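**Q** The hints should help you fit chains B and C onto chain A, whose structure is shown.
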Amino acid sequence: MTKLRLVLLLVPVLAMAFVVGCGSDDDSSSDEPTTTATTAATCDLENLATYKDGVLTVGTDSPAYPPYFEDDDPSNGKGFEGALAYAIADQLGFNKSEVEWATIPFNVSFAPGDKKFDFDLNQISITPKRAENVDFSTPYYTASQGVLVPKGSELDGITSLDQLQDATIGVQLGTTAFDAVEQQIQPASDPKVFDNSNDVVTAFEQEQVDAIVVDLPQAIYLRDAELDNAAVAGQFEAPGGDQWGALLGKDSELTPCVDKAIKALDEDGTLEEITRQWMSDAAKAPELT
Amino acid sequence: MIGPVLEIQGVTKAFGERMVLDGIDLSVNEHQAIALIGASGSGKSTLLRCVALLTEIDDGDILLDGGVITDPSVNPVDVRRRLGVVFQAYNLFPHMSVIDNVILGAVKAQKVDRREARERGRALLDRFGLGGREDDKPDQLSGGQQQRVALARAFATQPRLMLLDEVTSALDPELVGDVLEVVRDLKKEGMTMILATHEMSFAREVADRVAFLHEGRIVEIGPPEQVLVEPKRPETQRFLRRLLAAGRA
Amino acid sequence: MTRAAPGERRAAREKAKLARSRRGQAIAVISTIVVFGGAAAIVLNSSGWPVVQEQFFSPEAFKTSFPRILEGFWLDIKMFMVIEVAVLIIGLLIALLRTTGTAALFPMRMLAAVYCDVFRGTPVVILIYLFGFGLPALELSGVPKDPILLAGIALTMAYSAYVAEVFRAGITSIHQTQTDAALAVGLTRVQALRYVVLPQAIRRVRPPILNDFISLQKDVALVSILGILEAFKIAQIETNRDFNYTPLIAAALLYLVVTIPMARILDHITARGEINS
Numbered sequence: 000m001t002k003l004r005l006v007l008l009l010v011p012v013l014a015m016a017f018v019v020g021c022g023s024d025d026d027s028s029s030d031e032p033t034t035t036a037t038t039a040a041t042c043d044l045e046n047l048a049t050y051k052d053g054v055l056t057v058g059t060d061s062p063a064y065p066p067y068f069e070d071d072d073p074s075n076g077k078g079f080e081g082a083l084a085y086a087i088a089d090q091l092g093f094n095k096s097e098v099e100w101a102t103i104p105f106n107v108s109f110a111p112g113d114k115k116f117d118f119d120l121n122q123i124s125i126t127p128k129r130a131e132n133v134d135f136s137t138p139y140y141t142a143s144q145g146v147l148v149p150k151g152s153e154l155d156g157i158t159s160l161d162q163l164q165d166a167t168i169g170v171q172l173g174t175t176a177f178d179a180v181e182q183q184i185q186p187a188s189d190p191k192v193f194d195n196s197n198d199v200v201t202a203f204e205q206e207q208v209d210a211i212v213v214d215l216p217q218a219i220y221l222r223d224a225e226l227d228n229a230a231v232a233g234q235f236e237a238p239g240g241d242q243w244g245a246l247l248g249k250d251s252e253l254t255p256c257v258d259k260a261i262k263a264l265d266e267d268g269t270l271e272e273i274t275r276q277w278m279s280d281a282a283k284a285p286e287l288t
Numbered sequence: 000m001i002g003p004v005l006e007i008q009g010v011t012k013a014f015g016e017r018m019v020l021d022g023i024d025l026s027v028n029e030h031q032a033i034a035l036i037g038a039s040g041s042g043k044s045t046l047l048r049c050v051a052l053l054t055e056i057d058d059g060d061i062l063l064d065g066g067v068i069t070d071p072s073v074n075p076v077d078v079r080r081r082l083g084v085v086f087q088a089y090n091l092f093p094h095m096s097v098i099d100n101v102i103l104g105a106v107k108a109q110k111v112d113r114r115e116a117r118e119r120g121r122a123l124l125d126r127f128g129l130g131g132r133e134d135d136k137p138d139q140l141s142g143g144q145q146q147r148v149a150l151a152r153a154f155a156t157q158p159r160l161m162l163l164d165e166v167t168s169a170l171d172p173e174l175v176g177d178v179l180e181v182v183r184d185l186k187k188e189g190m191t192m193i194l195a196t197h198e199m200s201f202a203r204e205v206a207d208r209v210a211f212l213h214e215g216r217i218v219e220i221g222p223p224e225q226v227l228v229e230p231k232r233p234e235t236q237r238f239l240r241r242l243l244a245a246g247r248a
Numbered sequence: 000m001t002r003a004a005p006g007e008r009r010a011a012r013e014k015a016k017l018a019r020s021r022r023g024q025a026i027a028v029i030s031t032i033v034v035f036g037g038a039a040a041i042v043l044n045s046s047g048w049p050v051v052q053e054q055f056f057s058p059e060a061f062k063t064s065f066p067r068i069l070e071g072f073w074l075d076i077k078m079f080m081v082i083e084v085a086v087l088i089i090g091l092l093i094a095l096l097r098t099t100g101t102a103a104l105f106p107m108r109m110l111a112a113v114y115c116d117v118f119r120g121t122p123v124v125i126l127i128y129l130f131g132f133g134l135p136a137l138e139l140s141g142v143p144k145d146p147i148l149l150a151g152i153a154l155t156m157a158y159s160a161y162v163a164e165v166f167r168a169g170i171t172s173i174h175q176t177q178t179d180a181a182l183a184v185g186l187t188r189v190q191a192l193r194y195v196v197l198p199q200a201i202r203r204v205r206p207p208i209l210n211d212f213i214s215l216q217k218d219v220a221l222v223s224i225l226g227i228l229e230a231f232k233i234a235q236i237e238t239n240r241d242f243n244y245t246p247l248i249a250a251a252l253l254y255l256v257v258t259i260p261m262a263r264i265l266d267h268i269t270a271r272g273e274i275n276s
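Chains as they are written, first to last, in numbering that gives the first Met the number 0: chain A, 0 to 288; chain B, 0 to 248; chain C, 0 to 276.
Worth flagging that the hints you see were computed from the coordinates, not collected in a lab. Wrong hints could be hidden among the right ones.
Claimed, not checked - Here are the simulated lysine-lysine pairs, DSSO-like style, with alpha carbons at most 27 Å apart:
1) A/Lys249 <-> A/Lys262
2) A/Lys249 <-> C/Lys62
3) A/Lys95 <-> A/Lys115
4) A/Lys77 <-> A/Lys262
5) A/Lys128 <-> C/Lys62
6) A/Lys77 <-> A/Lys51
7) A/Lys259 <-> A/Lys150
8) A/Lys51 <-> A/Lys95
9) A/Lys150 <-> C/Lys144
Just so it is clear, the structure is predicted and the values come from calculations on it, not from any experiment.
Isolated chain A (complex conformation):
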């Protein structure tokens, strides 16, 4: 009887091993973000294979924070990415009423399977590894990291990243800040990684962390609009630079069209205009090395 039990046990185990080990071969995936050139014809409005017919569905997370969106309502077209979304839509041939927004939590946006949006704007950094699993548009912004500290604290007025090594630093999950902190600052104790932006801010307000590192535009917004006693100690480059792109499903037909739209916005100065309007203070923070 025991032999039979062994056999019966082995069958599902073998099946599982099959599932993990076999399946289809691992195609060698490209190491660069997909940027294929296509003919202009496939980006005609009538041919666009959008998620919903006749509608452009743009995804972002909720809550949607300034300066990327305003009042947690992307459809008002305000904020850097809010304005950008409508500009891209316009380039693709959609007018304002034909744009719909979908709430897509960040860690759902890159899940396999059909996307419930056409493209997603969520301050997402382009990396080669990420590009193996999703499509990125051509970059629309280059971000640096901002360091927020309590005004007048020891850390206010630092001039180099070394001075942050003994600090307890807070970052948000899913942002490039964690890697930036680990690699550029190399703090003595582990950074604290919070699930969302609110928790990072709370930790800062309650002095559970000495400093927080967030995207620079966000740092500036927090200092000016949300926190009472914060100062932007400085900015620094994330390792490998930090470029944001729109996120689309892997091998999406819309990718070249969104690329074309962003390039067009760049060439005619709209992108610069939007950036200047919503992200202008970014240049003013001192650089830390």
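**A** Frame of chain A; chains B and C shown alone:
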């Protein structure tokens, strides 16, 4: 010791609306065995529980060796250490071995040295026909054996008075004999005891006096030849007749 | 019809039994292959499978992320072990408090009852938030700020409420007659509790207590909310960095390494308890 070991004076106890003990007076002298008989619900168990201070009386007094034990100022623990109680359902401690069951009281309550207690306990078990079973668990013993362990447990603390509550009622007939043998043994040694029982033949053999409980009062009390054979009171007569009919007398 | 000799009849019965058993075994093997093989075939041939395999079961992503996740898991284990001990002690104390009848302790008993209701009835994740962010906000002196401590306190309070109820049920399930018998041999109430009631109660509630611990082992992952770098949080970081979910599978496996043996121990103890009763 002059004077009765136990005196029950005018004890009453009600549970809610029901008057279970309605004025009990009883005296037990040293070395005496009193058998309590009566129908179920007549108050036998309740009376024994009251004496053992497991149930609080409503009114009256109980005296042990001349001292009132039902006074609120008296520590019931000290009183219970002078008593031995055996229950119908044996109530052995299932997680302990037989020998540990027997000596728990001696060791923890009376602070007897453990080795000495074990010696005495083993001798007791031997005497009650349970030699060699001391390391067994209660559930490895038959009902009759478990009840004998319970008797040993109650006796091990060298009580002034033993209270036996229907100790054979839960046993199969063939096991009853061994238990009664132990009780007989204890009586011969001079143990003062009150036994509530259904076994009339046993009451006749062991008891010095038989008390018939009816609706919360001792309706008749006297030597067994009288109460059991020629009862004076009609209630007693009716009770015994019913018992006879059920084949229990 | 001639009567078969007893030996022959017996042999015939044995043969039939063997044939039945072989049939049964064959059916078992075949049905197992069909069900699992069929399921495997369906999964492996689905159009989305290659992508799912890459994003959920990638050996490469597993190898890269595993060492860091394992490191974070040590923190989970340490927290879990300390909290377990605290939960047992506090849970037992609360249960004892609630099952004694002394009048003097009435206010404490009421407090204990409220404590159990509140901390059992509130989702653990909310408790961790409240303790982690709410408590420091009160700015009382002496209140700890360390998130590990705060999360540990939240988990301890939540689980000690569960365990207290289990102990309480165990204690009250021990029949009053055991207490009577203990009192009858001259023990005090405290001694009766200590030597007769509690040993039996604790033995009786081992299965549900162990069950609660398996729960606790998993809920330790919730401390990640407060920013703490334990296994789950690290797995999340790795997942978000490369858009690959395999690190979460790695973290799950580590949890299974701990919870499955506990579940087997629990089964063993439960079975042994049934044999004894």
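**Q** Compare the structure with the hints numbered earlier in the document and write down the numbers of the violated ones, lowest to highest.
**A** 7
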